[in-house]
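K.L.:
Two independent chains are provided; combine them into the complex using the hints.
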Amino acid sequence: MIPQLDYIIDKILPAFVTFYLVSLGHSIFEKSGILNLAIDGVFFTGTGAALLGAILPIIYNIPISPPVMGVLVATLIAAILGLFMSSVLTFLPISHGAVGLSLQFFSYGVGIMLGYYVRLAYGTIYGVSFAREDVLYLSIISLVIGVVLHLFIERTKIGAAIRAVGENPHSAAALGVRVMAIRIVAGMLGFALIGFGGALFILSWQRSWDVKLFTLGYGWLAFATALAAGRHPIVLIPVSLLFGGLVNSQTDLQSRLGIPADVAKLIPFLAALALMLIYSTTRLRRIFASPSSLGKPYYKEEKSI
Amino acid sequence: MSSPLLSVANITKTFPGGVVALDEVSMDFHPGEFTVILGENGAGKSTLVKIMYGIYTPDKGSIILKGREVEIKSSLDAIKKGIVMVSQIPQLVDRLTVVENISLSLTRIGMFETMTRVRRFFKEVSEKIGIKVNPDAKVWSLTYTQKQLIEITRAILLDAMVLILDEALTYLPMEERRKFYVYLNEFKEKGRSVILITHKIPEALEIADKIYVLRRGKLVGALDKASANIDKIRDLMFGEAAKTITYERFTKPYETPIGDIVLNIRNLVVEGDYGEIAVNNVSLSVRAGEIIGIAGVVGNGQRELLEAIVGLRRVREGRVIIDNHDVTNKGVKLTRESGVGFIPDQPLRYAVSADNNIVENVAALFSRKNFVVNWKSMRELSEKLINEYGIYPPRPEMHVKLLSGGNIMKTVVSRELEYASKALVAYNPTRGLDEATSTFVRRKMKEKAVNSKLAVLFASEDLDEVLQLSDSLYVMNRGVLYGPFDPVSTPRSKIEELMVV
Ligand SMILES: Nc1ncnc2c1ncn2[C@@H]1O[C@H](COP(=O)(O)OP(=O)(O)OP(=O)(O)O)[C@@H](O)[C@H]1O
Ligand SMILES: [Mg+2]
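These protein sequence lines map, in sequence, to chains A and B. Residue 305 is where the first sequence ends in the working numbering, and the numbering goes up by one at each step. Residue 501 is where the second sequence ends in the working numbering, and the numbering goes up by one at each step.
In short, the hints are calculated from the structure, not lab data. No residue lacks a Cβ here, since even glycine has one placed at the ideal position from N, Cα and C. There is no bait here: all hints are sound.
DSS-like mimics (lysine-lysine), calculated; alpha carbons at most 25 Å apart, straight line:
| # | chain 1 | residue 1 | chain 2 | residue 2 |
| --- | --- | --- | --- | --- |
| 1 | B | Lys81 | A | Lys300 |
| 2 | B | Lys369 | B | Lys422 |
| 3 | B | Lys225 | B | Lys66 |
| 4 | B | Lys179 | B | Lys132 |
| 5 | B | Lys188 | B | Lys80 |
| 6 | B | Lys73 | A | Lys300 |
| 7 | A | Lys300 | B | Lys80 |
| 8 | B | Lys138 | A | Lys296 |
| 9 | B | Lys123 | B | Lys138 |
| 10 | B | Lys60 | A | Lys300 |
| 11 | A | Lys265 | A | Lys11 |
| 12 | B | Lys128 | B | Lys179 |
| 13 | B | Lys73 | A | Lys296 |
| 14 | B | Lys422 | B | Lys330 |
| 15 | B | Lys188 | B | Lys81 |
| 16 | B | Lys401 | A | Lys300 |
| 17 | B | Lys218 | B | Lys401 |
| 18 | B | Lys448 | B | Lys252 |
| 19 | B | Lys422 | B | Lys446 |
| 20 | B | Lys179 | B | Lys210 |
| 21 | B | Lys210 | B | Lys81 |
| 22 | B | Lys401 | A | Lys296 |
| 23 | B | Lys225 | B | Lys190 |
| 24 | B | Lys401 | B | Lys384 |
A short list of chain A residues far from chain B (calculated; beta carbon distances all over 10 Å):
| # | residue |
| --- | --- |
| 25 | Ile8 |
| 26 | Asp10 |
| 27 | Ile58 |
| 28 | Leu72 |
| 29 | Ser87 |
| 30 | Val118 |
| 31 | Leu120 |
| 32 | Ile145 |
| 33 | Gln206 |
| 34 | Ile259 |
| 35 | Pro260 |
| 36 | Arg285 |
Just a sample of chain A residues kept apart from chain B, beta carbon distances all over 10 Å, derived:
| # | residue |
| --- | --- |
| 37 | Asp210 |
| 38 | Ile234 |
| 39 | Ser255 |
| 40 | Ala264 |
For reference, chain B alone in the conformation it holds in the complex (with noise of 0.2 Å):
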């Protein structure tokens, strides 16, 4: 067997309060492989290649580079030695725009140069690979999706000879996904290295040379494709957990009972951040105790619609009215006054504040009309949510932005879930989360719709997602609805014909 291209040895990473994020782990990256490695949120899969791009240093530990040591004192020092990143979350900066961020990477273009050639080289790769991002467009009028594009183009320009991805394959429209594996593919016949990070384990057998399974900061497994099987890699990473992953439905479309018209939407025409027409005429209808799911590629106008209903973006035409009230253009504050839970696009970013803790994360929602915060029954609500949904590690004082990228994300949900009383209205809803919590979560939503009389509304960029929990589904393509559709009945290849057409 030939000898790695790159590998970790005895990694250890503690980080300040005691979080052991990574403890005495090793690794080795062949060169013309594709390794996985798969572990449940927080387990440190990010916090280990962060360390292999330079962005964290190891406690202890060493880094071997083609048989030799190295140490990776930045980004720039790994892009330099070969080795490229595309993040979980999208590390752009979005002020400025698409071609300005790639050109930071790109050592061959001057300091002093214009983005003349950038543009050039953005549009050769996106057009092999299928992107369709505007190159001179700001970051920020970008979906989460469309950011990871971006930074797998980057990578692509960069030429690396290790390439790491987290969580960037999950949500790539079909069309690209598929490109994109071609290019991989050729990537690897090279004699180079990828390194994915996925929840989507059944995805990840299929594509692995080798996975490794990370638990709590430990090495747990290491397995070759021969060996590796779903329930033996299910069952390294969550234990007994394991058992209550499933993608079966919850019930069949309908069978609970459904009440009144809750969301009543009404011939929608939305704009984008360009004054482009992002949702077209658009009309449903949520009743209590059901849920509507939206597939569609992303950027088809899923976000400015969400958005729209809540009250976060201008609705130009058409009526958004909840339980009987016209809420039109009246402001976010109304809607989640009335009871709408809101999971957004980039939630991350904008369902959270970063710099405060848990326990202030909960109270900025539940807290909203009180003069003075009852500090205590935040503190203990915020424990409840904490204990349900397993957010890792489980202190209500921790900085929401020290959390893993899907303890994050469980943050959100839980608090959304909790506060939702009239309706829930969701993009991507488990996007980041791991398989279990997933599965929790999808069937938190099917509770709440069924014994609370949530109306659920959610779009969903992963298609199983969407067949797996609504009664009724939709597909939005550029900015019309199709549908409804029976999530049984109809077959998916007509769905996801539906969707790229």
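Excised from the complex, chain A in its bound form (with noise of 0.2 Å):
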């Protein structure tokens, strides 16, 4: 029982959260309608900012414990990078994937910026990451933060402005939206909750940042996550918990079943595929289709039917 416990807390948790809040930023974002191919970039930032917000507290004295500011920073920082996504792919008819894309080169870099000067100067970071422990409390906080973002998506009206400027921009115009002002609303608050999970992923989860390390390419997993989920932050939740034992377990189902590393990896992305392809059969398809006008470039004059 107990070291069952360990592994759940050690492990799978940590995993979890970080799944859970950047497929859950990503899920907002997307559903404002504007295609987020950034998400691994983001997601990277996340985790430099979160680096140097860490050691803030320390060089400067600031009495707040230094993940948290980690994740302060984090989310701040990532959530810049929303508001110019939104407003620039809202404010001019342009390609959601080159923008996504550059934007994603762009995030890597700063991310490298932010963590760069602190890894030369600090090497581990254990001192200032989250507690063991911590974990439960963070878990607990995302899985608040996801069901009232899901009330919010749900019953409210802001909620149903978002979903309308991702169905159709045209219309939720002509209905008296502002569609920049809802769309980076959702931009923000979406990229502002990748950049905590970025934050939990190397203060909760890895406890360790680099260069080098990059994202392992978990930000598109959890971009796989939110396809999954069809984007809906209560379903997110068994398929993030999913998909953090899947990465957890990768070594152990490859020595087990005797396939190569590459092939374990694509386990988590095999096993997406599998559960889109189930519910696309079922009446569940249209609740998580994905928004009519994601990807579609917006121009206001454009006439639509």
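P.N.:
This is how it looks when you write it as structure tokens:
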């Protein structure tokens, strides 16, 4: 019993909160109709920013816990990227894919800039990370955030506005929605959560940071998580747990099934595909469908029918 | 005379591609007046009101509200200035519920508020004007007319000073229409202004205090109640083509010979979007060369019936037999390939691919079995349809969504009539078309029935259309089909009564 609990606290939960927050943020972001191909970059910026943030209290003697400061800085910087991406893509009718991918590489750079010198100066980051048991509180907090956001999206007017601009920004505008403002809200909120996830990735899960570590591609895995769960904040919970588990048992599966490491890495993605296939044959398809205008360049004067 | 509440002055709007939609147009809208804007399809009516509602910005010209020049930057801006529009093509978000859509317009609803108050507001207004729509229904499950009713409710809730109705009243069910006119009169008496766009000219004459006529983007007439008459208006709108307009029958019922049964519908039971019984044990048959019309108020199962016949909706019980082949639940591909033309309830959404051009939309149906599309012949066919139906602007490469509402409809109708070789199944076949074009389309339907022995089954919310065209007519009410009736000898009142009881 005890070793299993250890495994959950040390491995599963940290992976779960990371995936959950990143995929949740990504889902909120995409619900507003903007395709997010910057996810892995923003995730990485989150890690670098968290690292920088976490040492600030030590350098400047600020009375705030280092990892909490790390989270704050990461969410803030990610939110700024969200502001940028949402507003540019709402203001200009240009390709979401091109902007997203460019921003991804830009954010890799930002992440390196933020984290590199800290890493040089400090080496290990154990001292500024979350304590082992904190992951329990963090999990609870992220679950609360998820449930609140779900209610917020499904029940409130602003939630309806976010879905409306994702479905059809032209109709939304004709109804009286400020497309720009709503997309900025969703964009900042979404990216802030991705930044939060990035912070937890290093401050609670990996507890180390390296320029070369990058993100292990986990940003993209969160992308798949969100797809597999139909961007639904509640459905994301079990799916993130599943993915967190799969990532952790990768080496285990690898040796047990006797497959090469690269193939084992595919397992979570295959699981995502399988989940999507399953629900696409049921009525859930309609609930989980992507926003109709996802990735479509928006031009105010364009005619829509 | 009072000074205008709202004026537009010298408005010019050119779209990319060089279409001059509006050319130096000026109009005044006075408080307490009902202004009607008329014009053939593509004349620029929708473009003008979209400018007033903040959807488009004019290239030139000004908008003057209560004597002061204003700029209307967005629809929200328009709403705040008291200008509200009910669009020709409903601007609602499909995957949101009715009340969610409405909440987005209401500034008195806080951003973090839930739908409770909106639901109450909606119920109050919908009871007042007699609209029966479930406030928590998702908009995609509603019919075109129901969506317009939702937009009307929204407009009333917004308590506008200037209310713009772009072809929003045409298909309003009688009861709602009556109540809504009462409301509009109250509205006028409060010193507010109504702007109406319609293709029903007799009705326009009845209610208008003032009429403006647009033609190819230019203002060609401004008439007041006293000086307006129907011939003068039609002449301004259509020129020569005005003479072709008629609401008389083309032939007496069954004057031309009919052949064997083509569409045979036996005891059909079909579910609606929520699993309710929408079509209840309906049987009818249509013979080659025969035109059967179904009259009825929106939402009584007509849409579900037609969709089930062509294979777009699952049949729960009963049989659909086309040309002696049982096609029940065998899918739309089979019916289409056996030569059935189909005009759905929301043609602008479900019958065209808006981002493709006319040729591609024609090819999508005519080349459905070809591995390689013969673009040359598709282009020729498109050109033929464009000429025949007067699709404007006459450019085969034009993206369908850039056409006016009526011209998109012409694209659909022309393609389906051309394609239909055995049968035509149509819902509101002339929705959104101007008088000259609707007459043309109805005449064409009749011709195809007579000359090509087409079996025609159509449902229309416009009773006049059913009376003009059908050899026999039925009435559909709450999923039940009543009839057949003779369109000439049956008293209109009897049919109307069956529609609403
Ligand atoms: N966004 C757009 N881009 C390009 N052309 C457009 C656009 N909107 C409208 N047009 C063109 O402007 C002209 C006027 O269109 P408009 O929709 O105002 O006509 P309408 O009078 O409302 O016609 P209808 O009775 O068919 O609704 C049409 O030729 C149409 O093709
Ligand atoms: Mg129009």
